[in-house]
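Novice: Next come the chains, spelled out residue by residue.
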Amino acid sequence: MPSNAESRSATHYVAPIEETPLQAVDQVNEDEKTRSTWTDAWDSMRRRRTFWISSVLILLVLVVAIFPGLFTHVDPRAADLEFSNEGPTSGHPLGFTRQGNDVYARVIWGAQNSIIVGLVATVLVSLVGIVIGALAGFYGGWLDTVVSRIADIFFSIPTILGAIVIMSVIPARNAITVALVLSAFAWPQIARIMRGAVLSAKQSDYVTASAALGVGRFTTLVRHVIPNALAPVIVVATVSLGTFIVAEATLSFLGIGLPDSALSWGLDIGRAQTSIRTNPATIFWPSAALSITVLAFLLLGDVVRDALDPKARARR
Amino acid sequence: MLWYLGKRLLQLIPVFFGATFLIYFMVFSLPGDPIAALFGDRQPSPQVIEQLRQQYNLDKPFIVQYMLWIGGVFRGDLGVTYSGLPVSQQLAQAFPITARLAILSLVFEAVAGIVVGVIAGLKKGKWFDATALVVSLLLISVPTFVVGFILQYVFGIQLDLFRVTVSGDAPWSELVLPAIVLATVSFAYIVRLTRASVAENMSADFVRTATAKGLPRRRVVGVHIFRNSLIPVVTYLGVDIGNLMVGAVVTEGIFNINGVGGTVFRAVKLGEGPTVVSFVAVMVIIFMLANLLVDLLYAVQDPRIRYAK
Numbered sequence: 001m002p003s004n005a006e007s008r009s010a011t012h013y014v015a016p017i018e019e020t021p022l023q024a025v026d027q028v029n030e031d032e033k034t035r036s037t038w039t040d041a042w043d044s045m046r047r048r049r050t051f052w053i054s055s056v057l058i059l060l061v062l063v064v065a066i067f068p069g070l071f072t073h074v075d076p077r078a079a080d081l082e083f084s085n086e087g088p089t090s091g092h093p094l095g096f097t098r099q100g101n102d103v104y105a106r107v108i109w110g111a112q113n114s115i116i117v118g119l120v121a122t123v124l125v126s127l128v129g130i131v132i133g134a135l136a137g138f139y140g141g142w143l144d145t146v147v148s149r150i151a152d153i154f155f156s157i158p159t160i161l162g163a164i165v166i167m168s169v170i171p172a173r174n175a176i177t178v179a180l181v182l183s184a185f186a187w188p189q190i191a192r193i194m195r196g197a198v199l200s201a202k203q204s205d206y207v208t209a210s211a212a213l214g215v216g217r218f219t220t221l222v223r224h225v226i227p228n229a230l231a232p233v234i235v236v237a238t239v240s241l242g243t244f245i246v247a248e249a250t251l252s253f254l255g256i257g258l259p260d261s262a263l264s265w266g267l268d269i270g271r272a273q274t275s276i277r278t279n280p281a282t283i284f285w286p287s288a289a290l291s292i293t294v295l296a297f298l299l300l301g302d303v304v305r306d307a308l309d310p311k312a313r314a315r316r
Numbered sequence: 001m002l003w004y005l006g007k008r009l010l011q012l013i014p015v016f017f018g019a020t021f022l023i024y025f026m027v028f029s030l031p032g033d034p035i036a037a038l039f040g041d042r043q044p045s046p047q048v049i050e051q052l053r054q055q056y057n058l059d060k061p062f063i064v065q066y067m068l069w070i071g072g073v074f075r076g077d078l079g080v081t082y083s084g085l086p087v088s089q090q091l092a093q094a095f096p097i098t099a100r101l102a103i104l105s106l107v108f109e110a111v112a113g114i115v116v117g118v119i120a121g122l123k124k125g126k127w128f129d130a131t132a133l134v135v136s137l138l139l140i141s142v143p144t145f146v147v148g149f150i151l152q153y154v155f156g157i158q159l160d161l162f163r164v165t166v167s168g169d170a171p172w173s174e175l176v177l178p179a180i181v182l183a184t185v186s187f188a189y190i191v192r193l194t195r196a197s198v199a200e201n202m203s204a205d206f207v208r209t210a211t212a213k214g215l216p217r218r219r220v221v222g223v224h225i226f227r228n229s230l231i232p233v234v235t236y237l238g239v240d241i242g243n244l245m246v247g248a249v250v251t252e253g254i255f256n257i258n259g260v261g262g263t264v265f266r267a268v269k270l271g272e273g274p275t276v277v278s279f280v281a282v283m284v285i286i287f288m289l290a291n292l293l294v295d296l297l298y299a300v301q302d303p304r305i306r307y308a309k
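Note that the protein sequences, when read in sequence, are chains A and B.
What the first sequence shows, in my numbering, is residues 1 to 316, in sequence order.
What the second sequence shows, in my numbering, is residues 1 to 309, in sequence order.
A few of these clues could be false.
[Unchecked claim] Over 12 Å on every C-beta distance to chain B, these chain A residues come out as not near it, computed from the model: (1) Ser36; (2) Leu135; (3) Ile176; (4) Phe185; (5) Arg277.
[Unchecked claim] If we take Cβ atoms under 10 Å as the criterion, some of the chain A residues that face chain B in the derived model are: (6) Gly140; (7) Leu143; (8) Leu213.
Calculated directly from the structure, the hints in this document are not laboratory data.
The beta-carbon is built from N, C-alpha and C at its ideal position, and this holds for glycine as well.
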């Protein structure tokens, strides 16, 4: 009944809107530099104490790894059984191992291999993962199917388990082969993340715009899609640098990572196992160095994630 | 749901063959002669080598070797170790020990992790929360074998509460310490996961509604927050079954436990190809099934996954 509806009509009050004058809309501030995800992320990271703590730690470990000679003049391989398991003396602040090696010198020189394995494996995994994930996600079709199935197979073998199997049969064991073997099993994780990020970036307006402007498919992928899909990969790569260092130490500890002659925290911890009752300090120092290094990369990963993921930033 | 389960099981088949082939390929075709490894420094006669090569199918093309092996696996025949013991028998002895170790670890990390995580999440920003966050981060960054040594030293040697190594049949009481070591990293992850989940749910609309309609805080926390916060934790526990299998290699090695991990640890050191292949294959299968379980749990929770084509 229309008459009834009319009689029920009520007056609506609408709050007055302060309209922005058209002039103000046009006055876009064009002087200020454009803000990208990266500048935003940098601003967010810069303000956090954790970022500076982890960066300083990582820098310190890097300097120790590159110039170990600056920190110790003692030969880490010089062994004198006369000093076996002896405590700290002048010039040897952390005492001696069972074989009579200087613990401090070995901790300093051990950084090198950890950093090499961590960096090489992370770079390799990121490169392979980004390329494969981006191609699979962007072109789709049979390429995506084949790549995803192969990734599934590698993904179903846990990295450490696969590495244990290969390292036990491989003849040449050094930092590079350890990094190669670890990357062989770790790339699917990055590839999957990259594929997902590319899939969602592909839907964006700027990709349509780029196609409309006549830019080629491949150029669009390289210039627009990949840079916009990198954020999650960078987060995972930072954290995985720490996990690769742990993996190297674990393999060396098991006796199938670096060869016995190498200087590695994992090897030293494994060797000190026999002196755990008599001289726990020999196990403590390499363990502490290893843990602090890994902690630094994990902390940095946390900060980077918060900076690159606006949702995480809001949640904090 | 059944349709989804079927689809996921079908997807598992190529992955299973691919993964086992990859492992088999890695162990048996990379440089190094398993027969030579069997004899160590001694030089066996050509006839003996020939006979052994036939016995272990090493004279046949590689792909045939794999087919013979995988055929045997389906018949329950996992081959014979170089010392003449059937691998299946070795597995039957080792598996229950690792299963018990993994169960203890799961219980420990679930109970302790959820309790600490819930308290930290409810008191977000307070000292308990801050401590829990720092400790969990430390536990994640200290490698398992280091945690193993520390606990071995403190509880096994200094306080003399536990045995440092585990005896052959691994009674439950001796598995407590190794289980805690195995669980540390996952415990830390569960604390962080639960904390984040609880903290997020605290400000959820349904919690505000529950408080607004006058429910006591006990009920709001115990039913509304707690249950909803557990969803990601339960799925994490599923993934973790697979992780524990891998962690067992190191933990069982340290504590000298005769489980699946410990056997792989020793077989790797001795170059026992058949044992490594079969045990790792079993671990990969468990890992795959754990991942399947998690996917199913997701599907139960989220109907969008089940119906997605």
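Novice: Tell me, in ascending order, the numbers of any earlier hints that this structure violates.
Specialist: 4, 5, 6, 7 and 8
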